[in-house]
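**Q** So the chains spell out like this:
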Amino acid sequence: MSESVALAPMSKVWQRHTLRQKMARTALWLVIAIAVMLSLRSINVIWEFLWDAPEQMMDMGRRMWPPDMAYYPKTVHAALMETFHIATLGTLFSMVFALPLSILAAHNITPHKGLNLFAKTMLVSSRSVNSLVWALLFVAVFGPGPLAGAVAIAFRSIGFVGKLLGEALEEVHFGAIEALKAAGATQTSQILYGYWPAVKPAFWSIMLLRWDINIRESSVLGLVGAGGLGMVMNAAIDTFQWNRVAVILLTIFAVVVIGEVVVTFFRRRLI
Amino acid sequence: MAVVLSIKGLTKSYKPGVPVLKGIDLDFEERGLTAIIGSSGTGKSTLIRIINRLIDPSDGSILFKGLELSSIEGRHLREARRRIGMVFQEYNLVERLSVMENLLTGRLGYVSPMNAWRRKFPPEDVAHALELLDVIGLADFAHQRADSLSGGQRQRVGIARALMQRPEILLADEPTSSLDPKTSVEIMELLKSQGVNNGIPVVVNIHDVELARRFADRIVGMTGGRVVFDGPPDQLSDDHLKLIYGGEGWLQ
Amino acid sequence: MTQPGAQAFPRIPAGRRQPFHSSWQVKLLALLVAAYAVYALGQLDFSYDRFIRGLDNGARFLSRMFPPSYKNWDQLLTGFIESMEIAVLATFFGVLLSLPIAILGARNLMPAWATWPARLIVTLCRAFNPVIVAIVFIKAVGFGALAGVLALVVASIGFVGKLFMEAIEEISMKQIEAVRATGAPFLSVVTYGVLPQVIGRLVGFCTYQLDANLRNSTMVGIVGAGGIGGALFAAFQRFEYDFVLAILITIIAVVLLGEFASNYVKRIFHV
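Protein chains in written order, with this note's numbering: chain G, 20 to 290; chain B, 697 to 948; chain S, 144 to 414.
These are computed hints drawn from the structure, not numbers from a lab.
Stretch by stretch, here's where chain S covers chain G in the computed footprint (C-beta under 8 Å, at least three residues): (1) 72-81; (2) 231-239.
Mimicking DSSO-like on lysine-lysine, the simulated pairs with C-alpha atoms at most 27 Å apart in a straight line are: (3) B:K816 with G:K41; (4) S:K317 with S:K305; (5) S:K282 with G:K93; (6) B:K718 with B:K938; (7) B:K888 with B:K704; (8) G:K200 with G:K132; (9) G:K200 with G:K219; (10) B:K816 with S:K317; (11) G:K219 with G:K139; (12) G:K219 with S:K170; (13) B:K878 with B:K888; (14) B:K704 with B:K938; (15) B:K718 with B:K761; (16) S:K317 with B:K878; (17) B:K704 with B:K761; (18) B:K888 with S:K317; (19) B:K718 with B:K704; (20) S:K317 with B:K711; (21) B:K761 with B:K888; (22) G:K132 with G:K219.
This one's a predicted model, so the numbers in the text were calculated from it and none came from an experiment. Just so you know, even glycine gets a beta-carbon here, dropped at the ideal spot from N, CA and C.
Build the full structure now, drawing on both the sequences and the hints.
**A** Here it is in structure tokens:
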């Protein structure tokens, strides 16, 4: 903004932006408008269905009520436990891989451009592929079942945990590390006694956050055959048993709420 | 001189039973700078904020040119606020807007939200703003963002924003407390001269007694939520100051 | 919290923790986590044998993925265009709806009767994974891109709405007070007092959400809500793993491009 002062001699007209800023903004708005218009025109949508949607939703709601509570102890509970195991094991696995990758990605610990780039590429690839897509891959590798789900969750989480942890490592105050170096500490003890204490709160908070997300994500992996609640839900939807679907949705909602409470509690204790 | 603003029996308690203002009666005439002095926590700030209803009074009346301010709501309150300029201790500029946009904020009460959003202000408002920028000596800063200015510059912009409203009274809540002594004097000079030039009364909360003596036409001393002195500066004696601030060691 | 400096003395008073020495609670926790991991692995039917077989499978799988095949590039292109359309529309309408909801839900601007319904909407939108929401919308509006757009609109409200609400609650009320004192109507208070303080973060949230929607739009297709996910799922079912890899590479490339684009947009808005 400061350059505009030099550019625009004060006349009696006041302009909010310089010409260049104006053009950049107008161009951006134009791009947004064109993108939205083009998408609206060419997307394959039958608009009548949209106007019909409220009625369809009402109909679905009616068929869901009352939820088939008896279904919970029979099937849903076991699937819920499986979902929980998938999420927790996946989070633990991801920790094992994310820690070394984040160290390699942090340029202040690993002053090697090639290694940084390698680690960052791995992390980006992990993050770009959705957990459901990872699940598809691992169902093809390990066959249908929760194992594929846990590995999929782990592979999706590596990028998330590794990126955030790497950034936390890069923000570690240099002075403390320098002091350790001056005392003759090895690279390993610099990491253990310099970096680790500094990022420990961030690490636990990242892991908790990811665990919370993983609980939600693992509830849908079953839709592609990777175990957990999603499998039960798929079966119920395929057989149009909406009052069972309702039980599963309620279960997921309850789990999300409980997960949020647990995470808030631990965050207060740990950090 | 005619009375512009008349406060009668004004009380305010944030917690029931603990009044901060215990029955204030004050009249302000159409000219002159009034300084309200008193130690912190004595209700000066509450008093000045009640006038334009940033704080709601508990009881009492505030009559502003025949309009009862204490009970109006909604559009009527907004229309009343347009006529009252306010200067804040910490300037309260919108940091990420330019100086010019901050000045034009003073006209928001007169411009429709749609036009305000598109920054379409009447040309006379823009001309007025440029004039005021000249007056406060910041003509070259119109495009600068408010957060790039020094404290003294910000407070000038704060005053100019209030003047943009073409107010019928100017209120200032501790306008110099965050500034160095030299800048404080300049700000007080600006407030005084603008009051005179625009023919409007100025009410300033201030805890610096010397500044108050130097610039005020009238001093109101408050302590414990009551007015304990009201008169011209030359009548303000050390005894009054002891009454207002308590103790005497600080007077030497 | 014990200060590191206080621990640096040679003699450690009784009851003080040894420097850099993990307490028994931490050890117990680690032990419990390890025990849990073993138990959960058993529950998930994980065995060494199966793992080795999986690795075998994986090797075969990988060899069938290479080299990636772009011979169905037209299918890839149409799928991607649809995914992008879904992401653009979902972000646009999602953000558009988030703004009023976030302002209504901000406790520093609004009374309780406005904040709690707004907060409830945001919580509900956040609770369910986009895939589950997509399934529900598929039942309501049929298979295709519309269901995907609606599902991601819901997800966008949950994310942008929540963050934007929090951003508004963190603004300086002094600036608001000053704008109010000029007699400005509520909408002008929003445009002059609230927006300038949060616009930078809002642009950040929007570009992040566009990014997230692009990733998620590849996922909703798996359950039939349009976009590249459909092609991906079909390729899996037809065992065309070389086409799968081609799609995955394109997804990663597009996500990376999106990251560059969002950085550029942030520069235009001076964030």
